[in-house]
Amino acid sequence: MKRAPRKATCLAICLVLVTLLAACNPAGGTTAPPTQPSGTGRAAFDHLTLVLPAPYDPPITVKSVIAVDATVKFHEGETIYDNVWTRAYADLLGIQIDYTWVVDASQYEQKLNATIMSGETPDLFHVNGQLLKLLHDSDLIAPLDSVYAAEASEATRDIMAQDPIALKAASIGGRLMGIPITDASIASAPLLWIRQDWMDKMDIAPPASMADVLDIAERFTAEDPNGSGVADTIGLAVTKDLWGAIAGLQGFFNGYHAYPGIWFEKDGQLQYGSIQPEMRDALLALQSMYANGQIDREFGVKDINKISETIATSKCGMEYGVWWNPYQPLQLSQQNHPDAFWTAFPLPSVDSRPARSQYHTAVGAFLVASQSFAHPEALVRMVNFWTENIVRSEDQAIRDTFLGTLDAPDIVLYKYIITQIWEPNSMLRGGRILRDALARRDPSRLNLDEHWRYQIILAYFDQGIKEAWVEVATNGEGGAVSILEWIAEGNGIMNQFYGSPTPVMGEKMATLRTLEDEMVTKVIMGDPIERFDQFVADWRRLGGDEITAEVNAWKQANP
Amino acid sequence: MASKMLRPAPLFNILNQVLLAVLAIVCVFPIVHVLALSFSTSTAAASGRVTLWPVEFTLSSYRFVTDTPAFGRAFGISVQRVLLGMPINMLLTVLVAYPLAKERRQFRARTFFVWFFLVTILFSGGLIPWYMVIRLTGLIDSVWALILPGAVPIFNVILMINFFRNVPPALEEAAYMDGAGHGTLLWRIYLPLSVPVIATVSLFVIVGHWNAWFDGLILMNNPSRYPLQSYLQTIIINPDPKMLTERDLEILKVINNRTTRAAQIFIAMLPILVAYPFLQRYFTTGITLGSVKG
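One line per chain: the protein sequences are E and Y, in this order.
Start counting the first sequence at 4; every next residue gets the next number (the numbering used here).
Start counting the second sequence at -16; every next residue gets the next number (the numbering used here).
Since the hints were derived computationally from the structure, they do not count as laboratory data.
Worth double-checking, as some hints may not be accurate.
[Claimed, not checked] Output of the computed footprint for chain E on chain Y, the stretches with three or more beta carbons under 8 Å from beta carbons of chain E:
| no. | region |
| --- | --- |
| 1 | 18 to 30 |
| 2 | 107 to 118 |
[Stated by the list, open to error] Just the calculated beta-carbon pair ranges, DEER-fashion:
| no. | chain 1 | residue 1 | chain 2 | residue 2 | range |
| --- | --- | --- | --- | --- | --- |
| 3 | E | GLN499 | Y | ARG230 | 20 to 30 Å |
| 4 | E | ALA556 | Y | MET252 | 52 to 62 Å |
| 5 | Y | MET252 | E | LYS76 | 23 to 33 Å |
| 6 | E | ARG534 | Y | PRO13 | 31 to 41 Å |
[Unchecked claim] Some chain E residues close to chain Y (C-beta under 7 Å, calculated; not the full set):
| no. | residue |
| --- | --- |
| 7 | ALA248 |
| 8 | THR316 |
| 9 | ASN339 |
| 10 | ASP342 |
Just so you know, even glycine gets a beta-carbon here, dropped at the ideal spot from N, CA and C.
The following block holds chain E by itself, in its conformation from the complex (with noise of 0.2 Å):
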């Protein structure tokens, strides 16, 4: 009776003392990477042709931070502490870098703050706008003035000046705070995408008004699109979130000239666009949409998942979003029914004005270096690196060794560093050459990746892979990518305030978007359309007429 308890209590001691000690073990409790870069040496890039600066003798070590989401892999024996990246630094630029933390991507802001706060600011890391303020005026990072006009190089300064408002995005007060982070800005402007082959089969001729669009809505609903014998189908996919970039609705407002949620000029002065009249007639028109069943009876819960079902599973085809929606979610619904293909079609308007499509700068992120950091200079050169080698290169062996190989498709190796910074021209001119090229069947003058594309939109004429139909709808002819470039051209509409968060903006913004989106939800849903007078009303009793004044003072600071 007495013997069995305390041969329970030696095993449970064992066990104790066996997890304590496996948590001991070095690898379990060091604060260190587990591998430090070992490289192989310069030699493992001779054969690549590289502009490179001096490097740095001795090396000097650069504490970083860095986001990586789940969805990042490595090749077998690499990690985020020793990959080609952190080999490529420490062997070609004498910069040793060296991530105190790593975290997924959703914590990276809170982990950020709370190691600020505890006084441990990384000498390079990659902030938002909101951060950058909020550092500047803590005098906690550098300004980057000086180090930028000695060192950034050609290429550097090109991809700056290609989006005129990178640098000025950047800037607080005059002086250059941050490395921006940039892309393509039209990327975000809506689109109408529709399902081409419901179109055809239902003799629907392409929409030119928002009455069309309307009609399209109302016969996709009532005439059994999928041919399923129920009428299961809406007219239009909207998501809980209501201004995504998939499922959105800013599109369907641009067609009403209403512009919500960004800032655009109306008489001289910066306006908020989800207070103006024309957001009126466009609630009206999506409250009786609703009212009769093209839009989803539930679409307050849905999400983008739940909106990527509908679209999987045939039950809608039409939806406003970016460019790349074929890409995800729209594929689902070519991946159950072998003929779906969705067409790209610039915003149809409700007048004989054209519908502009609005969207916002690409610049959300800047890099930036900590105030007590010895050389500051070597973010422009890590900057410097990419522009300069990597991003435009036409080179194989270049891409293959710093961007990833095609028979390793999900290893992305760009992911391991901070400074993905973007060509904003890149992908307007990429689609004309590759438009070009595929009118003449002449694919000489493409670079890789658009050679890419070239085969894969040739596969689908030629060969009849209906899997393709995403390159051909985003950029073939007449495609997304054409249509974004006629937007360009003056047909879309930016937000004119791309500065970091003014003061009562930072404070107020967030309560006001979250009534912005309540009111609409409530009106779709068929409150009375007063209720948007009494939020124009709230809006700026609480906050908003405040915030239009800060904006407009900025505007004056920063013509």
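For this one, chain E is given, so just place chain Y on it according to the hints.
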């Protein structure tokens, strides 16, 4: 007459059972749904055809999970966390609860210490001080950062104190007579009598350690040291649709891959599902917050 009055009203009985049955279904439904998803093909899941039974039965999700080293590693860390955290938590809980369960005449500073511990329930330092304390004590990035900061769960201490108070004083006096000290008293008299509360508190601790995810995300400097739930959190988050760009396409694909997520969620649920029934029977006697027990 009296017996008639004691018999429960049938209407109440029926309502009670219906209500409980509905509650049970509400609780079980999501688990069954996740299980069904994990055995279905991803196309079936993406088109919303799976509810309670697998559609196009496949084991590919589980094959994917066993081929994902990150999952196994995170699972191991969680197991390690529970195996280390549970004994430490229990030991400290018992050692704190024992003196605080004494009468004031036996332990003068009792009230002070009770308040000392209670304050930590009522007031928290906030995220940044918490992080700073852990960083400055050098725990960041080690499994101890997940265990030591929460090593004395006050709520559990209170449960234990209340249970200890119900141990008849006569036993204590008798033990003293026989020459027992506090150590013997605690290990030989109190603990053997407190199996229900120990089982209950152990269960709380196990579930707490197993389910914790936030501290892992903040305190580990490298995703390869994430415990299981922190790892799951990173694959289950939904990105803000307003901020999506074409660079996030990979993330969108992961989100649409619901079957593998379901498999991982289900495997993560298993240990608790298995442990629960064995410890649950102590619940009714284990939790007594100040009430008199029969």
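> Hints broken by the structure, by number, lowest first?
Replying inline: 10
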